[in-house]
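Grab the two chains, each in its own frame, and use the hints to assemble them into the complex.
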Amino acid sequence: MLSIVTGIIGISVAVLIILLVRRDRLHVRHGFMWIIVALCFAVLGVFPGIIDSLARLTGVSYPPILGITVAIALLVIKILMMDLERSKIEMRNQRLIQRVAILEADIRELQLDHRNGH
Amino acid sequence: MAPRIDEVQLSLPATVIIIPAFNEAEAIARVIEEIREHCDFPIFVIDDASTDDTVNKATLAGAKVIPLATQLGAWGAMQTGLRLAQRDGYQYAITMDADGQHDAASLKELMHPVVKGLADVSIGACTQRGSKLRKIAWLLMKQASGLTLEDITSGFRVYNQHAIQELSSKRATLLDYQDVGVLLLLQSCGLTIVDVKVRMQDRQNGASRIFRSWLIVFCYMCQTLLLGLTKRKLARSFHRVRATG
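Sequence lines, in order, name chains A and B. If you read the first sequence in the numbering used here, its first letter stands for residue 204, the second for the next number, and so on. If you read the second sequence in the numbering used here, its first letter stands for residue 6, the second for the next number, and so on.
The set of hints was computed from the structure by calculation and includes no laboratory data. Any given hint could be a false lead.
Computed spacing ranges between beta-carbons, pair by pair [unchecked claim]: (1) 148(B) x 249(A): 54 to 60 Å; (2) 228(B) x 309(A): 29 to 35 Å; (3) 94(B) x 316(A): 18 to 24 Å; (4) 219(A) x 57(B): 45 to 51 Å; (5) 75(B) x 246(A): 42 to 48 Å; (6) 238(A) x 167(B): 27 to 33 Å.
We treat Cβ as the ideally placed atom computed from N, Cα and C, and that holds for glycine.
With the rest of the complex left out, here is chain B (with noise of 0.2 Å):
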């Protein structure tokens, strides 16, 4: 098949995808097939400490799996990976979940914002996906977080530069989820966020590792809105800029 996003390739080298995966033997190897089917982008998958095959899945489907010792969660192991793109000076970052949700055919129009300079952040959203639950999640960390993107929880996103330095900061280090912790630290630094349609496939394999149950959505909403709370802008509304591909 042909490369659909050749001319967005061809004025950026230096792109990178980064997927963490735990426990993601069984769809991660289709996943990085798909993405090969639509760039030849470099893939680093971010093993957070699988108990199963995910390693030598993704290292024979031609990935770079770089191996984390112990369990980091799911911000942890992406952390890893925009710190391994900040080394090695990529300027963008895509980063996609490994369960085979986020449909590589959106990269274009995903790129378009940040490499056309509009945005240093885009996020793909779907928010036809998702429970009643992660509806009322996300009502409630939008009003606790001030923030006005559409999906904040979506991991179907493109960092520039700007963005991965940011990211890979020490202070970044001590957030647990990639939300709204990780959404309010590039506002104060900033940095201009943008959504973007997209379509999501239902997960191939398994279920979100947050919105699994209620214990642990507990824990989740009360860390999430506590951040959002006190971190959220006092003066000055959230400057964003909308552009759909």
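Isolated chain A (complex conformation) (with noise of 0.2 Å):
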């Protein structure tokens, strides 16, 4: 019984996964670790015994904790990688405000010149 709720939530986050990157809703490059973590969702919704086995193989003595420990840390390097693209995104933007700004000032003066000149 367990199996089978877990089976069915765990491909259904697969499917919605696999269909926001067929409709170009996620960029590729982050689209391959998502069809990752859709491929985990629904084997380990199916087989959920995979983890028990896995905690006896690590000797954790309980085994929930296990999937809990690995889905935390993953989530935090995670994090930390969508913290380093906005800063790297921010760096951009700004630079880009700079620029169009510096572009805006020679027009000015140009047109300037322009009118000055006729």
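As structure tokens, this is what we get:
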């Protein structure tokens, strides 16, 4: 019964992610990572026992905590990467605004020269 | 009035004055006129998306106005001016505030160490200014960053071409303020920074953009102290040449 519930949740999340990538809502670069996440969701949903065997293998006495720990670790890495990306975008954006301002000042000067020339 | 920095000017054709301005319509024209009484350097006014008449006032007063489309903050505006100075090949850039706090009469003394090659950057220091709050802030910032300059928040500076180049770089873009972050960046590039004691006037209009509310000061201090602590030099104390004009 449990594996049916988790299977449905896992597969629906996977389908949603693939749909988003298909419809170009997600950049392929991010899409790749999300497809892997979707696969993990689907597989773990259908076979929740995998976590138990992994826990036994790694010597974790309370299996659910293994899944949660790995999930949190991956989330922290992802968030850090997002902030790195955001800083880069902010920097580009700021330099672009600066360049536009410089060009606008140049255009004004040219217009002024042009007007004074005639 | 006779230009007072004639002799300096003869040897340096390529100097520019950079003034970032945000809603300074009342003060900007007088600031530009006062500068004009002392020198003929071109003046760039970087308008940080002002909502008042700053752009027109500055244009009419004879400055080249660089209008930012959205607000980038004090350093973002300043860097715009430095990037333009770099693009146009200026050898020296003087930065001043738009509120009339900086006295153009001190330009000669301020430029002296940079023009003579004694330093890459000179900072017009006026430590008498400022409230108790500002004094505490200075002390904390110096402790955190290991900088030994007297007035690290002063915006009255002279940069040489080397400093202009470093500060136009992408690396400097994500800084928010021109004090600790900028000074540590210059220091890490091996540039020499000196204090020059200058007189400062009271602001003609309004207050500091930073030292006006506790919340802004708090955010500013957190950022600045973090920058100072993470980027301070690990070994070798900061080499400093003292030159007073």
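Between residue 238(A) and residue 167(B), is the Cβ distance one that fits in 27 to 33 Å?
At 49 Å between Cβs, range violated.
Has the hinted range 42 to 48 Å been met by the Cβ atoms of residue 75(B) and residue 246(A)?
holds, 46 Å
Kindly confirm whether 54 to 60 Å is satisfied by the beta carbon distance between residue 148(B) and residue 249(A).
Holds: the Cβ-Cβ distance is about 58 Å, inside 54 to 60 Å.
Does the Cβ-Cβ separation between residue 94(B) and residue 316(A) fall within 18 to 24 Å?
holds, 20 Å
In this structure, is the beta-carbon distance linking residue 219(A) and residue 57(B) contained in 45 to 51 Å?
Since residue 219(A) and residue 57(B) have Cβ atoms about 49 Å apart, the given range 45 to 51 Å holds.
Return holds or violated for the Cβ distance of residue 228(B) and residue 309(A) against the range 29 to 35 Å.
Given about 33 Å between the Cβ atoms, the range holds.
Going down the numbered hints, you'll see the structure goes against just number 6.
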